[in-house]
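Asks: The listed protein sequences correspond, in order, to chains A and B. Using this note's numbering, the letters of the first sequence correspond one by one to residues 1 to 322. Using this note's numbering, the letters of the second sequence correspond one by one to residues 1 to 258.
Just so you know, the hints here were simulated from the structure itself, not pulled from any lab data. Note that this is a predicted model, so its numbers are computed, not measured. Incorrect hints may appear among the rest.
[Stated by the list, open to error] Think about it this way: if two alpha-carbon atoms lie no more than 25 angstroms apart in a straight line, the pair counts; the simulated SDA-like pairs of lysine to any residue are: (1) B:K151 <-> A:Q307; (2) B:K199 <-> B:T236; (3) B:K193 <-> B:M217; (4) B:K109 <-> A:Y4; (5) B:K109 <-> A:E202; (6) B:K151 <-> A:N211; (7) B:K72 <-> A:I203; (8) B:K124 <-> A:I178; (9) B:K172 <-> B:H107; (10) B:K72 <-> A:G56; (11) B:K193 <-> B:G4; (12) B:K188 <-> B:R89; (13) B:K151 <-> A:A267; (14) B:K188 <-> B:P237; (15) B:K172 <-> A:E202; (16) B:K172 <-> B:F25; (17) B:K109 <-> A:Q7; (18) B:K151 <-> A:M301; (19) B:K72 <-> A:A267; (20) B:K172 <-> B:P244; (21) B:K193 <-> B:D212; (22) B:K172 <-> A:N211.
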Amino acid sequence: MKRYTTQIVLLVVVLLSLGISVLSGKFDAYYMDIALNVGINIILAVSLNLVNGHTGQFSLGHAAFMAVGAYGASIFTLEMSARLMPLLGGPGSFATGVAFLLALLVGGLCAAVCGWLVGMPSLRLRGDYLAIVTLGFNEIVRVILQNTSGDGVFGGPLGLKGIPPLTTFFWVFAIAAICVYVVGSMVSSTYGRGFPAVRDDEIAAGSMGINTVRYKVTAFVVGSFFAGLSGGLYAHLRTTISPEGFNFLKSFDVVVIVILGGMGSTAGVIIAAIVLTVLNEFLRDFEQYRMLVFSILLIVMMIVRPQGLLPSFPILNRKKSA
Amino acid sequence: MSTGLELKDVSISFGGLKAVTDLNFSIFPGELLGLIGPNGAGKTTVFNLITGVYTPTSGRISFNGDSVSSRKPEGITRMGIARTFQNIRLFSSLSVLDNVRAAMVMHLKHGILHSLTRGPAFLKEEGSVEDEAMALLDIFGLKDACHANAKSLNYGDQRRLEIVRALATRPKLLLLDEPAAGMNPSEKDDLMKLIRFIKERYNLAVLLVEHDMKVVMGICERIAVLEYGRKIAEGTPKEIQSHPKVIEAYLGAAAVVD
Ligand SMILES: Nc1ncnc2c1ncn2[C@@H]1O[C@H](COP(=O)(O)OP(=O)(O)OP(=O)(O)O)[C@@H](O)[C@H]1O
Ligand SMILES: [Mg+2]
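Okay, chain A solo, but in the shape it has when bound:
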C-alpha cells in the first residue's frame, strides 16, 4: 500500500478540489479568485522550479510559454469549441469539460513545442545562454503578438476577449496537483536523479553516462508544457488576455517565487507561491512599490537564507522501509 501513497494523495487532492469547486458558490468570490491565482502560480512556479531549481538552468522566459498556452487554448476554445460540441454529444457540462481539457492540452502542447525549439539549441551551450535566449524569446513572443492584426485570430495589441470563463477551482487545483506529482515523481526516481546531477556538476554528470542535453531539454519541455497549461487556465479565468500581460516582468515574478521557495524544493516553492500571491493582493494599492518590495525581499533572502524558505527535499520520499 505504501508504494502507492503518492498516487493516493494525488487522487485525494483532485477529489477535494472537485468538492470545493462544486461548493464554490458558497465562498466569497474575492477569496475564491485569490485562491485560483495561487493555484495558477503554483503551477507556474513548480514547473519553472524543474528547470531553474532541479536542473540548475536559468530560464527567464516562463511567461512566454504561459502566453503560448494562453493563446493556444483560447483560440482553440473560440474557434473550435462550437464545432466540436456536436461531436462530443452536444452542449452540456460534459462536452464543455472535454472541450476545455482539449483546449488546455492544445495550449500546453504548443508551449512544449516552443520549449523544445528554444531549448534544443540553447541548452547545448554551457553557461548563461539560456537566460539570454529565454529573455529574448519572451520579448519576441510579446512583440509578435502585439503586431498581429487586430481582427485576426490573435487579436493584435488588445489581445483576445470574450473567452468563456471555464476555469474553476477543480481545473486549477487538479492540474496543480498533477504538476506537483509529475515533477516530484520525475525528479525523485532513479532516472530523475540525473536532473540534480546535471545541476550540481555537469562535467561529472556527463562522465557518469548522463546525457546532460537530454535532461536539460526534458526539464525545459515539461516545464514549458505546464506553463502552457497555466496560461490556458489563466485565459479562461480572466476571459481576456493581452500580450502585455505576459511580459518579462511576469517571468520575473515566477523566478522570484522559485528563488524564495528554495531552488529545487517543491514544498518551499508551493509555500512561496501562496505567500507571494497573497502578498501581491495586499500590495495591489501600492502597485508602484511592488517591485521594490520584491527586490528588497530577494536581497534580504539572499543574505539571510540563500537556500530558500525550506531546504530542498524530495516531496516523494522513496526510501525503502528496510
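For chain A, the structure is supplied; the task is to place chain B with the ligands on it using the hints.
Replies: Same frame as chain A, but now just chain B with the ligands:
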C-alpha cells in the same frame, strides 16, 4: 573483441601550451597500469582526453577497437570507461546513495513515463538499483553513511564515494586520478587493497594516477611515466625504478624510494 584502451600519437595543446605530445600507450583488459609524473606533467589531461572532456588536437584513442575521440563524455562512459576526479566532483546536493544512483541512470530500462505510472516493474527496478548501489557502498565502508549528504563526508570518504560512483556505471576500464590523495599511509594501504579487490571482482582494467611511489610500485603491474606531456618511460615497477630518465625527471628530486 577486447583489446583494451589504445592511445596513438595523441596530442593536445591549449593555446601555445602543448600539454600532451604524441602520446602512445595501451591498457590491456584486466590490467592495472600506473601513470606517474611530476606536477603538471599532463596526467589529468590524459584522463580528460580519454573520457572526452577534451578532444585531442591530433591522434586517435580507441577502446576495444572503437574510436573514443569522436564521442561525448556520456557516450564514452557507455562504452565502459569510468573515472574519478582529482579535484573531487561529487553531486554535492545529493545524498551518498543518490550520487551512486545518479551514475546508474544509463542502465535503466525505465524512463520518465514509468516514473509517473510507477508500475510494479518500475518499482522492482528502483529496488534493484538501490540494492546494487548499497552493495557497492558496502565494499567501500560507506553503507551506513548512505543517507548523509555527500559533501558532509570527510575528504577520504569523498574520494571513496568517487570510486563507488564510477563503479556504478559498470565499467570495464576504471580511471583513478589520485584516489588516495590526502589519506594517511594506513588509509592508503586499505584503499589499494580495495582497488585490487574490485579489479578482480569486476574484472576491471585500471589506470591509476598516484604520487606516492611506494603505493604505485606496490600495486601496479606496469607503469608509464610522463614529463612535460611526453612519455619518457614505460615498464614494470622494477624497470621504472632504475630508469635513468625517470630518476632524473621525477624520482631524482624525491629520491626516497627504497
Ligand atoms: N583546460 C586547460 N587550459 C589550459 N591549460 C591546461 C588545461 N588543462 C591543463 N592545462 C595545463 O596542462 C598541463 C598539464 O596539467 P595536468 O593537470 O594534466 O597535470 P597533472 O599531471 O595532472 O598534474 P598534477 O600532478 O598536479 O595533478 C599543465 O601545465 C596545465 O596548466
Ligand atoms: Mg592531475
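Asks: Compare the structure with each hint and give your call.
Replies: Going down the list of hints, with the structure as the test:
1. B:K151 <-> A:Q307: 16 angstroms, holds
2. B:K199 <-> B:T236: 19 angstroms, holds
3. B:K193 <-> B:M217: 14 angstroms, holds
4. B:K109 <-> A:Y4: 21 angstroms, holds
5. B:K109 <-> A:E202: 23 angstroms, holds
6. B:K151 <-> A:N211: Cα-Cα ~24 angstroms, so holds.
7. B:K72 <-> A:I203: 11 angstroms, holds
8. B:K124 <-> A:I178: 24 angstroms, holds
9. B:K172 <-> B:H107: Holds - the C-alpha atoms of H107 (chain B) and K172 (chain B) are around 14 angstroms apart, at most 25 angstroms.
10. B:K72 <-> A:G56: Given that 25 angstroms is the threshold and the Cα spacing comes to 21 angstroms, the pair holds.
11. B:K193 <-> B:G4: Within the cut-off at roughly 23 angstroms; holds.
12. B:K188 <-> B:R89: Satisfied, since the Cα-Cα distance of roughly 20 angstroms is no more than 25 angstroms.
13. B:K151 <-> A:A267: 23 angstroms, holds
14. B:K188 <-> B:P237: 18 angstroms, holds
15. B:K172 <-> A:E202: With Cα atoms ~23 angstroms apart, K172 (chain B) and E202 (chain A) stay inside 25 angstroms; holds.
16. B:K172 <-> B:F25: 17 angstroms, holds
17. B:K109 <-> A:Q7: 22 angstroms, holds
18. B:K151 <-> A:M301: 23 angstroms, holds
19. B:K72 <-> A:A267: 36 angstroms, violated
20. B:K172 <-> B:P244: 34 angstroms, violated
21. B:K193 <-> B:D212: 15 angstroms, holds
22. B:K172 <-> A:N211: 20 angstroms, holds
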